[in-house]
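Line by line, the protein sequences give chains A and B.
Residues 1 to 353 (the numbering used here) make up the first sequence, in order.
Residues 1 to 656 (the numbering used here) make up the second sequence, in order.
Derived by calculation from the structure, the hints in this document are not laboratory data.
Take the hints with a grain of salt, since some may be wrong.
Quick list of in silico lysine to aspartate or glutamate cross-link-like pairs, EDC-like style, CA-CA up to 20 Å [what the hints assert, rightly or not]:
id : chain 1 : residue 1 : chain 2 : residue 2
1  : A       : Lys95     : A       : Glu54
2  : B       : Lys490    : A       : Asp276
3  : B       : Lys310    : A       : Glu132
4  : A       : Lys105    : B       : Glu529
5  : B       : Lys532    : B       : Glu446
6  : A       : Lys95     : B       : Asp219
7  : A       : Lys108    : B       : Asp219
8  : A       : Lys331    : A       : Glu259
9  : B       : Lys464    : B       : Asp410
10 : B       : Lys356    : B       : Asp410
11 : B       : Lys273    : A       : Glu132
12 : B       : Lys273    : A       : Glu169
13 : A       : Lys222    : B       : Glu529
14 : A       : Lys222    : B       : Asp436
15 : B       : Lys273    : A       : Asp137
16 : B       : Lys273    : A       : Asp136
17 : B       : Lys490    : B       : Asp312
18 : A       : Lys242    : A       : Glu223
19 : B       : Lys310    : A       : Asp136
20 : B       : Lys490    : A       : Glu278
21 : B       : Lys310    : A       : Asp133
22 : B       : Lys500    : B       : Glu529
23 : B       : Lys393    : B       : Asp477
24 : A       : Lys105    : A       : Glu54
In this text the structure is predicted, and so the values were computed from the model without any measurement.
So the chains spell out like this:
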Amino acid sequence: MNNSKISLILLCLALFTLGCNKEEQELQTTYDYSCLIINQGNLSEANGELSLLESNGEIKNQIYQTCNQWALASIIESGIEYKNNWILFCSNEDKIEIIDQQELKLQKSITGIPIPRYGTTTEDILYVTSVEDWTDDSSGKVYKINLKNGEILNKISLGNLPEGILYFENNIWIAADDTIYVLNEKSDQIIKKIPTGMNQLCAKHLITSENGMVWCSLTSHKEDGELILIDGDKMTIVQRNKIPHLSYEGHIVLSPNKENIYYLTSNSTIGAQNADGETKICKWNISAQTSQIVIDGVGFYGFNIHPKTEDIYTANVNGFITNSLFYLYDKNGKIIRSGDLVGVGACRFLFRH
Amino acid sequence: MKTTYIVREMHKWQSILLFVLVNFTASIASFATDSTSTLLEEIVITEEGQKKTEYSFSPQIKTDTTLKQALQHASLSEYVKGVSSVFLRENGNGMSSAISIRGTQASHTQVTWNGVSINSQTMGQVDFNLIPMFFIDDAEIHTGGNSALHGNGAIGGAIALTSQSAINQPLKLNIQASAGSYKNLFGGGNLRVGNKHVGSKTAIFYHQIKNDFKYNFRDQKQTQQNAAIENYGVLEELDFKIGSKGQISTKFWHTNMHREIQPMKQNNNNPLKYETIHDRTSRLIAQYKLYTPTALFFGLGWLNDYQKYKEDVISTNDLTARLYAEHCWQWNKAGKLSSKTGGEFHYIKPEANAYKAGTQDWRGSIYLHNLWEIKQWIAISGNFRKDFVYQTKIPFTPSAGLRISPIFSDSLSINIIANISKNIKVPTLNDRFWGDIDNRTLTPEEAFNIEVGIQHTLEKNFYKSQSSIMVYRNNVDNWILWLPRGNIWKPINVDEVLAKGAEINFSQTFTKKRQQHTQTLSYSINHTEVMKGFREMLPFVGQQIPLLPSHTANFLASGKLTHITYVLQGSYVGERHTSDIFDRLPHYFLLSIQVGYDFALSKKKENTHGYLHHLNLSLRGNNILNTEYETMPYKAMPGRNFLVSLKWTTEKQIRK
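Turn these sequences into a full structure, and let the hints steer you where they fit.
Given below as C-alpha cells:
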C-alpha cells in the first residue's frame, strides 16, 4: 500500500472520529438563573431568542437554540410562567411554545392561533389574545386552550383588537381598544363590556391590586395615556389618572409592596424603539396618586420589576435593529449593571416564582 | 459590430461648445506636450463613442459571452453571481435580488440600460431578478464608486447593460426552449437582421417556474410552497443609418413578472402567510448620434415602473432627455486627449398611495469627462459632474485617475492605477416623499472613494491573461437608513460608514483553431462598519454590518471545443451575521456545470448566400453539490437541479 492510500485511510478515520464526537455532545443541562430575558427579535429576520441572567451574574445568549437544537424562528410577543414552565407567545410562525424552566427544552408547541399576543392561565387552561389582521377589528379573538393536550377549546370573537389579558376572580378580563371585556370562565360568555370612555385611547394592560381592584393602562398614538382603576365587583371605572407620555405598549407592573404601579414613558408614542429615544421608568403611588421618575434612560421598550427585590430590569432595544443592551437598576434607580449585550429587542423579563 | 470612421478634417462649429468646456484641460495638455507638435488631422472616433469606463481606470468585468449564452433563460442576478465575486442577497429563489458591490448597499450600484439609469426611482435600487438575460447583449460590471462618471448612486459601482446594433448584421434567428426542475419552463426567440441602412433586433420570451423544490427544515423534508414565478417580455430595437455619419435608434423594453412571495421556511405550510407581488416595466428610448470628428448625441426616454403588492400600487413615470458631445485631440502617436461633455434631465411623476397627491420631481446633471493619455506609460483622467434635484442641494462630484505603465509592449503591459472620487446618492422618492414625513433635512449621501492597484495584461499568440489587485477605502457620510424615529419609521442620515477591502481578479483565455477556453477567478474581502452617528450599531463595533459577507470568491471556466461548449461555475460566500451578533448564517459553496453540443444541420458553403442551421442541446446542473444555503434568514434555496435547453439558430451566410 503506498503512502497516498495510507494517508487517505487516515483522513477518513479522522473524519469519522470527528463525526462521532459531534453525536456524543448532547448533554443534559439545567440552568440556575434569576431572570429569563425575552428578545422579541427583528421582524424581517424572525430571530426572537432567549437570554438568561444566571444566578452567578453571567448572561447567556441564544439559549433557546442552545437547548433545543433549532432556532425558534419567530417573534416572541410575550411570555408567562406556568407551573414549572414558561409559555412563549410567538408570531411570524404563530405558535405557543411551552418550555421547561430547568432545561429550557421545548415541551409542547401549539399552533393554529394567529399572532398570539398575551396570555393568562387558570390551572390547565390558557387564554390567549390573538390578532389575525391588525387592520381588521373583527379579527380580534380570545382563544381558550387546554394546556394538557394543546387542544383549542373555544375562540371568542371580540370585535376589537385585544392586548393584555388577566385572570381575576373567576373571570377573564381583556383589554381591547376602547373596551375592557369580562369573560366568564365557565360559560365562555362576555358578561360585561366596560367602555374606557376615551375613543383615542386603547386599553392595553391589566393588573390587580389589593381590595379587588383592577388597574388598566390606556395609551394612544396621539394623546397622553391614562391609568384607570376599576372596581372588580361592580366592573365600573372609579378613578382616572392622566399619565403624560405613557408608552404605547402601556406595560404596567405592581410593586411587591403593592403601593406603586411602575410604568414606562416615552417621547415616541410607538414606544421608544430608537437607541437615543428618551424613556423613563416611573412609578405611580396608588394612595398618594402621584407619580415619580425612577430611571431616566434611553431606548427602553419594556421592563419588569423583581417580585422580591423590586430591582428594575430593562434594556435599550436599539430600534430592534441590532442586539439590545441590558440594564439592571435597584428600586431607587441606582444602576447595578449596564450595557450587557443580549438578543434583538429585549423587552420582556420573566422571574420564577 | 462597431464601425470606425476616419475623419480627414474637423468641423469647427461642432467643436466650439466642447472646446470651451474643455479649454482648461486642453491648455494643460498643450502645455505639457511638446510645444513643437502639431494637431494631427486624423482623429478616430468609434461609433459607440468613448465609453464611460474609458474615462477612468477602475476595474471592470467584461461580458463573458459563453456564460451569457448559457444563462439566456435566467436573470441578470444569476449572471452577475456567475461572473464575479459580487454578492447578491436574494429573498428566495427568483425573488427580489439586491446587489452589494464592495460592501455598499443595493442603491449604491448604478445600473444603466443603453446609458439610461434603470434604478428604481422609489427605492433607488434594482431587483436583479427582474432583468432577463435574454434581452442583454453586453453586461459590464464596474467596481468602485464614480458618480462623476456613472451618475447619482454610483457609490459602490455600476453595471452597464448595452445593446449591439444590428446594422450590417446578417439575419440571425434564435429560438430556445428550456425545461428543468421545479417545472421550470422557458421559451424565447430573437431575430436580428440588418443591412447598411437599417438594423432590427426583436426578442420575446416567456418563463415560468413552480419553484416547488424540497429542502430540510427542523429535520423534516419540506416542499416549497407559494414561490411560483411567471414572467414574459418583449424587446424591439431599431437602428437607422442617417447619411454616412448619423444614426437614429429606438429601443422598447417591456417585462411583466408575477411572483408569489416565497414565505419563510417556518411559514411554508401556512396559507395565511402567502402573498404575491406584481412588477411591470416599460421603457422606450429614442436617440440620435452623429459621428463626426465631434460626436454628438441626443436622446429621449420614457421609463415606467409599476409594482403592486397586496392592494398597494407604486409606480413612476420618468421622462428623460440626454445630450452630449465628445471629441478627441491627438498631438502625436502617444499623446491624446479625449473629452466628453453633456447633460441629462429627468421629470419624474410617481403614483403611490403613500405619497401626497401631486408629488413630482425634477432632476438634472451636467458633466465633463476627460482622459489624457500623455505618453504611452502615463495617463490621467478627470471627471466632473454637477447634479441638480428639485428642493435638494447636491454637492459637486469630481473624480480623478492615474495610470502608470512601467511595462508596456504589444504583448505585455503592467499598469499601476489609482482613482479618487467623490460620489453621491440623492435621497430616493421614498426617502423624500413617503407618508406625511417632512424630510427636508435629509441630505444626499456623500462618499469619498480611494483605490489603488496593479493590473497586468499579457497577450501572446493563442494565450491572453489579465489580472488586477485593487485595494479600496470608501467613506460614506450621511448614509441613509430607515429607522424608528418618534412615532414612525423614517429615513435618517447616518454620519459615517466605512467600507474597505480588496479585490483580486484573474482571467486567462486560450484560443486555438475551433476552440477557446477561458478561466476567471475572483476574490473579494470587505469590511463595512458604521463608524459614527448610528448608536443602534453599537453592538457591531469592529464587526461587519449584518447580512454582508466579508469573503466572497468565484471561479468560472467556460469554453468551446469544436462542437462542445461547457461552463463550470463555483462561488463561495462567507459567513454573515444576522442582526443578532450572536447569530450567523453559515458560509456556502455552490457549483454549477453546463455542457452543450452544437449540431450543424447545414454545411458552410463558400461564396453563397445560403443559410446555416444549428441545433444546440445543453444540459445544466445547478448546485450540483446539493448545498443547503440561505442568503436571507429562513428563505430556502433549491438544492441540486437541472435544466435542458434546445436552441435552434438560423443565420444567413455572408458571401466572402
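Hints, verified against the model:
1. Restraint check for Lys95/A and Glu54/A: the C-alpha separation of about 27 Å exceeds 20 Å, so the hint is violated.
2. In summary, the hint linking Lys490/B to Asp276/A is supported, as the alpha carbons are separated by about 15 Å, within the 20 Å threshold.
3. A distance of roughly 16 Å separates the Cα atoms of Lys310/B and Glu132/A; the hinted pair therefore holds under the 20 Å criterion.
4. At roughly 36 Å between alpha-carbon atoms, Lys105/A and Glu529/B are farther apart than 20 Å, so this suggested pair is violated.
5. For the suggested pair Lys532/B and Glu446/B, the alpha carbons sit about 14 Å apart, so the restraint of at most 20 Å is met.
6. Only pairs whose Cα atoms come within 20 Å are accepted, and Lys95/A paired with Asp219/B is accepted, the gap being roughly 19 Å.
7. This hinted pair checks out: Lys108/A and Asp219/B have alpha carbons roughly 17 Å apart, not beyond 20 Å.
8. Restraint check: the Cα-Cα separation between Lys331/A and Glu259/A comes to about 13 Å, which is no more than 20 Å; the hinted pair holds.
9. Between Lys464/B and Asp410/B the CA atoms are separated by roughly 12 Å; this keeps the pair inside 20 Å, and the hint holds.
10. The hinted pair formed by Lys356/B and Asp410/B fails the criterion: a straight-line CA distance of about 61 Å is larger than 20 Å.
11. At roughly 11 Å between alpha-carbon atoms, Lys273/B and Glu132/A fall within 20 Å of each other, so this suggested pair holds.
12. For the hint pairing Lys273/B with Glu169/A, the CA-to-CA distance comes to about 38 Å; that exceeds 20 Å, so the pair is violated.
13. For the hint pairing Lys222/A with Glu529/B, the CA-to-CA distance comes to about 37 Å; that exceeds 20 Å, so the pair is violated.
14. Of the pairs offered as hints, the one joining Lys222/A and Asp436/B holds, with about 15 Å between alpha carbons and a cut-off of 20 Å not exceeded.
15. The suggested pairing of Lys273/B with Asp137/A holds, with an alpha-carbon distance near 19 Å, which does not exceed 20 Å.
16. For the hint pairing Lys273/B with Asp136/A, the CA-to-CA distance comes to about 16 Å; that is within 20 Å, so the pair holds.
17. Between Lys490/B and Asp312/B, the direct Cα distance comes to roughly 19 Å. Compliance with the 20 Å bound is thereby established for this hinted pair.
18. The hinted pair formed by Lys242/A and Glu223/A meets the criterion: a straight-line CA distance of about 10 Å does not exceed 20 Å.
19. Restraint check: the Cα-Cα separation between Lys310/B and Asp136/A comes to about 15 Å, which is no more than 20 Å; the hinted pair holds.
20. Between the alpha carbons of Lys490/B and Glu278/A the distance comes to roughly 17 Å, so the proposed pair stays at or under 20 Å and holds.
21. Our distance criterion of 20 Å between C-alpha atoms is met by Lys310/B and Asp133/A, whose separation comes to about 14 Å.
22. At roughly 9 Å between alpha-carbon atoms, Lys500/B and Glu529/B fall within 20 Å of each other, so this suggested pair holds.
23. In summary, the hint linking Lys393/B to Asp477/B is supported, as the alpha carbons are separated by about 15 Å, within the 20 Å threshold.
24. With a C-alpha separation of about 17 Å, the suggested pairing of Lys105/A with Glu54/A holds against the 20 Å cut-off.
When each numbered hint is compared with the structure, violations occur for hints 1, 4, 10, 12, 13.
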